[in-house]
Structure formats: structure tokens, C-alpha cells
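Colleague: One letter stands for each residue in the lines below.
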Amino acid sequence: MYGGGGYDGGGGNANSLFSGGGFMPSQSTNAVEGSGGGGFPKSRNAQTLLPLTIKQIMDASQTNDDKSNFAVNGMEVSTVRLVGRMFNKVDRVTDVSFTLDDGTGRIHVNRWENDSTDTKEMNNINDGDYVIVNGGLKGFQGKRQVVAYSARPVTNFNDVTHHFLHCIHVHLELTRSKPQGKANTATGTPNQAMLRDGMAYNQGSLPNQASTFSAPQNTGSASDISKLVLSVFHDPTVMNDEHGISVDYVSKRLNLPEDAVRKIIQEEYEKGHLYATIDDHHYKSTMNG
Amino acid sequence: MDTSGPAAFVNGEILNMYVGRRVRTVVQAQREEGGLLIGQSTDGHQLTIKGASGAPMLRYVEIIGIAESNQTIRAEVCTDFGENFDPAPFNGLCKLANGQMKDMFL
Chain A
1 MYGGGGYDGG GGNANSLFSG GGFMPSQSTN AVEGSGGGGF PKSRNAQTLL PLTIKQIMDA
61 SQTNDDKSNF AVNGMEVSTV RLVGRMFNKV DRVTDVSFTL DDGTGRIHVN RWENDSTDTK
121 EMNNINDGDY VIVNGGLKGF QGKRQVVAYS ARPVTNFNDV THHFLHCIHV HLELTRSKPQ
181 GKANTATGTP NQAMLRDGMA YNQGSLPNQA STFSAPQNTG SASDISKLVL SVFHDPTVMN
241 DEHGISVDYV SKRLNLPEDA VRKIIQEEYE KGHLYATIDD HHYKSTMNG
Chain B
1 MDTSGPAAFV NGEILNMYVG RRVRTVVQAQ REEGGLLIGQ STDGHQLTIK GASGAPMLRY
61 VEIIGIAESN QTIRAEVCTD FGENFDPAPF NGLCKLANGQ MKDMFL
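From first to last, the protein sequence lines are chains A and B.
For the first sequence, full-length UniProt numbering assigns the number 1 to the initial residue and increments by one for each residue that follows.
For the second sequence, full-length UniProt numbering assigns the number 1 to the initial residue and increments by one for each residue that follows.
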């Protein structure tokens with residue numbers, strides 16, 4: 001398909017180009033929006049490729065400042081991946097437009113043909129075909145549409161199932177109340193000391209198996225306990241407290257032994273997720289600092 | 001008949017929630033009886049598909065159409081999903097798409 005470009009890894013298709021390692025979009029600091037002036041967090045998150053259903057796009061709210069920007073789950077969206085069937089393909093000299101129907105809705109897609117590779121790619125797909133579209137979400141004359149960066153035929157139909165499961169996964173990841181953002185990936189491997197402390201709560205799962213699908217309370221690994229501790233610090237009422245909270249408070253609130261909590265707080269402190277406030281017993285999250 | 005409306009992901013069991021409405025499912029084609037395709041849904045039910053004669057046997061076929069009863073679909077579009085389609089994740093997807101994640105789909 002790509003004439004020696006080597007992009008198409010046999011069924012991997014668009015995956016190889018855009019999301020190879022299975023990155024999750026990092027969570028915006030305020031996952032639940034709608035308050036505080038209605039401004040959506042603007043960051044490079046907006047550049048993240050989000051797999052979405054067309055229904056989600058149609059339900060997306062428009063951010064206030066600019067009518068051409070959209071937010072899904074409180075996160076600004078600009079680049080999306082859609083998988084659906086192609087209809088009403090219209091070839092023009094400089095571009096191809098078509099309608100994409102993914103079963104949840106329909107959206108207009110435009111693909112500019114800048115060079116012969118683009119033309120070749122678009123010749124590959126026709127009405128009725130399943131295609132994977134990666135592109136920018138735009139508002140144009142009051143309608144939502146996608147300007148495609150790539151549009152490729154689905155060759156392995158498990159990709160269709162996978163796409164929708166991926167949509168669900170990302171949606172859950174973004175809506176779950178877990179505001180520590182990139183800290184998740186950073187706390188992937190708990191050290192030995194933490195592991196030992198974590199044993200009491202560890203249900204036998206491997207420490208790294210804190211799968212993104214499972215709720216924190218299901219897998220009792222050490223990193224989950226630090227998530228739990230951080231979640232106390234990220235409680236909005238706590239975030240607003242200038243002096244932060246004491247180790248004792250966290251321990252009581254989570255009903256966990258104080259020395260275990262202290263150790264985790266120390267860990268997070270060393271990682272830069274927490275800082276000491278009035279004394280060595282009070283800490284506050286570095287988020288929104 | 002509205003063919004542009006959304007199609008609900010269904011397996012054999014969920015099909016009865018959508019009688020009279022547009023659905024999409026994947027069946028493994030088993031045999032043809034008088035122009036009707038008999039296929040096995042991803043959760044093991046026997047479904048009868050109208051308007052899908054000529055489907056390749058033993059392969060997975062996606063059916064988009066109207067649910068006529070809890071085991072009959074009138075097909076509008078059939079797509080050959082091949083032999084290597086994995087029915088289990090699709091079945092899981094059907095459950096999620098009609099359960100807690102319904103807002104994302106319908």
C-alpha cells in the first residue's frame with residue numbers, strides 16, 4: 001500500500017504511525033469541568049490523538065473562547081481517530097471528501113491531497129469500505145468535520161472491535177477521578193521498601209499489573225496505595241488548604257497504618273509530587289501549586 | 001426506512017432489546033436455508049439473517065440491519081470480516097456498549 005514506505009506492518013495499519021507504544025493521553029488536571037469560568041485546560045493534551053466514537057464528537061461541548069475547539073470529557077480535543085464505513089466519496093482535484101459512519105453517527109471528512117502518496121492512499125478506499133481515519137476535528141460553518149491526515153482501509157477487522165474498546169478505555173481513563181496526571185506512569189515501579197510495606201494490602205497481584213482497566217481497590221499493589229494516598233491530597237477541599245494536611249489525617253482518612261502512609265508520603269515527596277508545608281508532618285500536593 | 005440512524009452493537013442476547021430498530025452484529029455463517037443465512041452470534045445463539053444469501057460459509061460476517069425479532073435480522077449491509085475475527089472481544093464490546101458505556105454509542 002505504501003510503496004516501500006514500510007508503514008504498514010500487516011494489520012497494524014495506522015497504529016504504527018500514530019500510537020505505536022499505546023500511549024494514553026495524559027489526564028488534564030481538571031477532568032471534571034464546567035466551573036471556574038468555563039475555561040478548558042489548554043495544553044499539549046490537545047495534540048493527543050484520541051480515539052472517539054462519532055457520537056462522542058457530536059456530544060462534545062464547544063470551548064468558550066473559540067467556536068472551532070471542542071472538549072470531550074473536559075479535555076480539549078483536536079486530533080482524533082475514527083473507524084467506520086465510508087460513504088459518498090467525492091473525488092476532486094485537490095481533495096477527497098466523504099462521510100464516515102461508525103454506527104454511532106456520521107461525520108463529514110475531508111482529505112487534502114498534497115502529493116501522490118495521498119492520492120494513492122485515497123484511491124485505495126471506496127464507498128462501503130471500513131476505514132481508519134486519523135485527523136483534526138474542526139468546526140466549520142457550524143458543522144463538525146474532520147480534516148484527515150490519513151485514511152486507510154481496515155485489513156484486520158479485529159481493529160474495528162479494538163477501536164471501540166480503545167474508545168471505552170480512554171473514556172474511562174479520562175473520566176476516572178484520578179487527578180495526579182503523569183504521576184501514574186512515573187510511579188509504575190515501586191521500590192522494594194514500598195513493596196514490603198505494600199504486602200499487607202497486596203492481594204498477590206504483580207506490582208506492575210495495576211492495569212488501567214481495573215479500579216484501584218481491586219488490585220492492591222503498592223503503587224495503588226500511593227495513588228490512594230495522593231487522591232487524598234488531590235481532594236479539592238484539601239487542595240485549597242494552605243497548610244496542607246498531616247500524615248495523621250491521611251492515615252485516619254484512609255484507615256491505613258500511619259507508618260505505611262508516612263513512607264508513601266516520603267516517597268511522593270522525593271518524587272516531587274508533594275511538598276512539606278508548615279512542618280515535617282504537613283504536606284501538600286505540587287499540583288496546581 | 002431510516003438507514004442513516006445509529007446501529008446498536010448487539011450479540012444474540014442483546015438483540016431482543018432492539019426489535020424493530022437498527023442493529024449491527026457479527027455472526028459466523030453456518031448454513032443457508034431457503035435464502036436465509038443461519039449464523040452463530042458471538043455469544044453462541046443461532047440467528048437468522050434475511051437478505052444475506054451468498055455469504056461465505058464459516059467466515060465471520062458483520063450484519064447491519066433491522067432487528068425483526070429476537071433472532072432475525074433483515075440485513076442492509078453485510079461485510080466479510082474474514083476467518084480470523086475474534087468473537088470474544090466483540091461480545092464483550094456488545095455488553096459494554098449496551099451497559100455502562102451506552103452514552104458513548106447511542
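Hints are computed from structural coordinates only; laboratory data are not their basis.
A hint or two may mislead.
In silico DSBU-like cross-links for lysine-lysine, where the CA-CA straight-line distance does not exceed 35 Å [to be verified]: (1) B:K95 x A:K120; (2) A:K227 x A:K271; (3) A:K143 x A:K120; (4) B:K50 x B:K102; (5) B:K50 x A:K138; (6) A:K55 x A:K89; (7) A:K252 x B:K50; (8) A:K55 x A:K120; (9) A:K227 x A:K143; (10) B:K102 x A:K271; (11) A:K227 x B:K50; (12) B:K102 x A:K89; (13) B:K102 x A:K227; (14) A:K252 x B:K95; (15) A:K120 x A:K138; (16) A:K252 x A:K227; (17) B:K95 x B:K50; (18) A:K284 x A:K252; (19) B:K102 x A:K138; (20) A:K138 x B:K95; (21) B:K95 x A:K271; (22) A:K120 x A:K89; (23) A:K55 x B:K50.
Colleague: Does each hint fit the structure? Answer for all of them.
Modeller: To see whether the hints hold, each was checked on the structure:
Note on B:K95 and A:K120: the hinted pairing is violated, with a Cα-Cα distance of about 38 Å set against a maximum of 35 Å. Between A:K227 and A:K271, the direct Cα distance comes to roughly 13 Å. Compliance with the 35 Å bound is thereby established for this hinted pair. Taken as a hint, the A:K143 and A:K120 pair is honoured in the structure, with Cα atoms around 28 Å apart against an allowance of 35 Å. Restraint check for B:K50 and B:K102: the C-alpha separation of about 27 Å stays at or below 35 Å, so the hint holds.
A threshold of 35 Å between alpha carbons decides the hint, and for B:K50 with A:K138 the separation of about 39 Å lies outside it, so the pair is violated. A threshold of 35 Å between alpha carbons decides the hint, and for A:K55 with A:K89 the separation of about 21 Å falls inside it, so the pair holds. Of the pairs offered as hints, the one joining A:K252 and B:K50 is violated, with about 63 Å between alpha carbons and a cut-off of 35 Å exceeded. As the CA atoms of A:K55 and A:K120 are separated by approximately 30 Å, the hinted pair is consistent with the 35 Å bound.
Under the criterion of a C-alpha separation no larger than 35 Å, the hint pairing A:K227 with A:K143 is inconsistent with the structure, at around 41 Å. A distance of roughly 39 Å separates the Cα atoms of B:K102 and A:K271; the hinted pair therefore is violated under the 35 Å criterion. For the proposed pair A:K227 and B:K50, the alpha carbon gap of about 52 Å is over 35 Å, so the pair is violated. Of the supplied pair hints, the one linking B:K102 and A:K89 holds, its CA atoms being roughly 30 Å apart against a limit of 35 Å.
Taking the CA atoms of B:K102 and A:K227, the gap is about 28 Å. The hint holds against a cut of 35 Å. This hinted pair does not check out: A:K252 and B:K95 have alpha carbons roughly 39 Å apart, beyond 35 Å. Taking the CA atoms of A:K120 and A:K138, the gap is near 24 Å; set against the 35 Å cutoff, the hint holds. Between A:K252 and A:K227 the alpha-carbon distance is near 16 Å, which keeps this suggested pair within the 35 Å criterion.
Under the criterion of a C-alpha separation no larger than 35 Å, the hint pairing B:K95 with B:K50 is consistent with the structure, at around 24 Å. Restraint check for A:K284 and A:K252: the C-alpha separation of about 17 Å stays at or below 35 Å, so the hint holds. Taking the CA atoms of B:K102 and A:K138, the gap is about 25 Å. The hint holds against a cut of 35 Å. For the hint linking A:K138 to B:K95, the alpha-carbon distance of about 32 Å falls within 35 Å, and the restraint holds.
Among the hinted pairs, B:K95 with A:K271 is inconsistent with the structure: their alpha-carbon atoms are about 40 Å apart, more than 35 Å. Distance restraint check for A:K120 and A:K89: the Cα-Cα separation of roughly 15 Å lies within the 35 Å cut-off, and the hinted pair is therefore satisfied. Only pairs whose Cα atoms come within 35 Å are accepted, and A:K55 paired with B:K50 is accepted, the gap being roughly 28 Å.
Of the numbered hints listed earlier, those contradicted by the structure are 1, 5, 7, 9, 10, 11, 14, 21.
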